[in-house]
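Student: Given chain A, put chain B in place with the hints provided.
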Amino acid sequence: MIRFDRVAKRYPSGREALSELSLEVAPGEMVFLTGHSGAGKSTALKLIALIERPTRGQITVDGRSIAGIGRRGIAGYRRNIGMVFQDHKLLHDRPIWDNVALPLVILGTPRREIDRRVRASLDQVGLLGREKSVPIELSTGEQQRVGIARAIVGKPPIVIADEPTGNLDPGLALEIMRLFRRFNEVGVTVVIASHDLNLIEQIGVRRIALVDGRLAGESVE
Amino acid sequence: MNESAIRGGEKRGFGARVSGWFERHLQTLVASLGRLARAPFGTALTVGVIGIALALPASLGVLVTNARALSGGWEHALDLTLYLKPSLPDHDAAQLLEHVAARPDVATARLVSATEGLAEFRRWSGLGSALDALKDNPLPAAIVVRPRFVADAGDAGALASLADALRAMPGVDQVQLDTEWARRFTAILDALRRVVTMLAVALAVAVLLVVGNTIRLDIDTRRVEIEVTKLVGGSDGFVRRPFLYGGFWYGLGGGLIAWLLVEALVLALAGPVGRISAAYGSTFTLATPDLAEALGLVGGGALLGWIGAFVSATRHLRAIEPGAES
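Protein sequence lines correspond, in order, to chains A and B.
Numbered according to this note's numbering, the first sequence spans residues 231 to 451.
Numbered according to this note's numbering, the second sequence spans residues 61 to 386.
Just chain A, same shape as in the assembly:
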């Protein structure tokens, strides 16, 4: 589903975040990208989401090289990728409903359909009934779950998450990871960047370890 072929990324500052990285994620697979801060996990996810472009190498998603996707194509491409961020990236002046509905509003989904799917998404993350709250009224864990609901509401085939449990206590973190696992079990390809090895071990999926932007090892559970 996702393939990196000798991918390198050098930022304008000169820092080489990724070097000669090759990896492959199968359709319907769930993998963790692990490594210390600065190992290149976030960069790898940004390359998948076309937030950044690789300096060298090729990235293939769903059999298609994404280097050929131009400015105008990015939006359409991103609709197939649900993104979850460490800082949630919620719109704080909008209720939860609006936040979760955003991807569907962009697609031009009919209002009634949006409402149905927003509630279904919130139900999956255990926040049904909080549609009218604003993000500030929610705990950090709940805000992250809103971010996840937004990522899955468009039923994307791929979900990527960058340190989704970074700010959560271990109990909440495990709960969030299990949530991702459940989406994965219904066929969604999931790639999660996380440095929390203890947590990752409890989920039991393949780990891809990065050190200084290079592949340092893989483990299959």
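Any given hint could be a false lead.
A few chain B residues facing chain A, derived, Cβ under 7 angstroms [what the hints assert, rightly or not]:
hint	residue
1	G80
2	R282
3	E285
4	V288
5	L291
6	V292
7	G293
8	G294
9	S295
10	F298
11	P382
If you are wondering where the hints come from, they were derived from the structure by calculation, not from laboratory data.
Note that the coordinates shown come from a computational prediction; the quantities given were computed from them, not determined experimentally.
For glycine and all other residues, C-beta sits at the position ideal for the given N, C-alpha and C.
Tutor: For chain B alone, kept in the frame of chain A given last:
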């Protein structure tokens, strides 16, 4: 996973897509109005500036239009009056009229006999009873000539040579060519109209800049929202849409204000102008913009707002991309 795992978008029927399109645009239209209403002071400021900028050329335009309407009634001022020698017999006067009327550069010619001339003078001068005191009619017969090129205010030479030719005719005592001032007035109006046009262009540009700058600030304050929207798959067009409608509302509001200002100006001038024209024995009144002109003003404002927003949003939204090094 099958090939269609990555989808281009929702597959729906044409009708559903069209109605969905309308629904989305209507929603954005209303939402952007609501957003402006939530910042009433800033919105009022922008709309007010646009309104005043549009009202300037619009009110000048209305005044010039009115002045033209006024001068349109002065077509007869371009007429030539041939005063005939008092000794000329009626029969010769009729013959002279035929000659004059036959000229190719004469549109119409009309004989005003001495008696008719006196009656007309009595009517216009208000000296009725004083004129009764006169034993003889002091007025000569006259031929009023309307030149054929009257519409062309610049054709002074042709008019002058016509006057010369008529003056040379036997039986003509005097030719009065009282057109200079009317032509000057028309020329001044033409110059003013040009000023109005240039002013309108300059202030339209000003409106574009005002809207563009306001939209730029709006974009700055909504930077996070724009980034997030782009991250979850919002296209440039989708992100831009609310700003375009914002510009539309700014322009529409400004156009309405401009229209009200013009109406207020005409209303304020109506009294004094009425008194002036009454003093000249005229029934002239200032005309307010008609419906088409008002719609043009408001619609033009809305269009300018939309264009200003389009240029600004297209330019500034491009610069907002999520990501960068972190």
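Student: State the violated hints by number, sorted upward, taking the hints as numbered earlier in the document.
Tutor: Hint 2 contradicted; others consistent.
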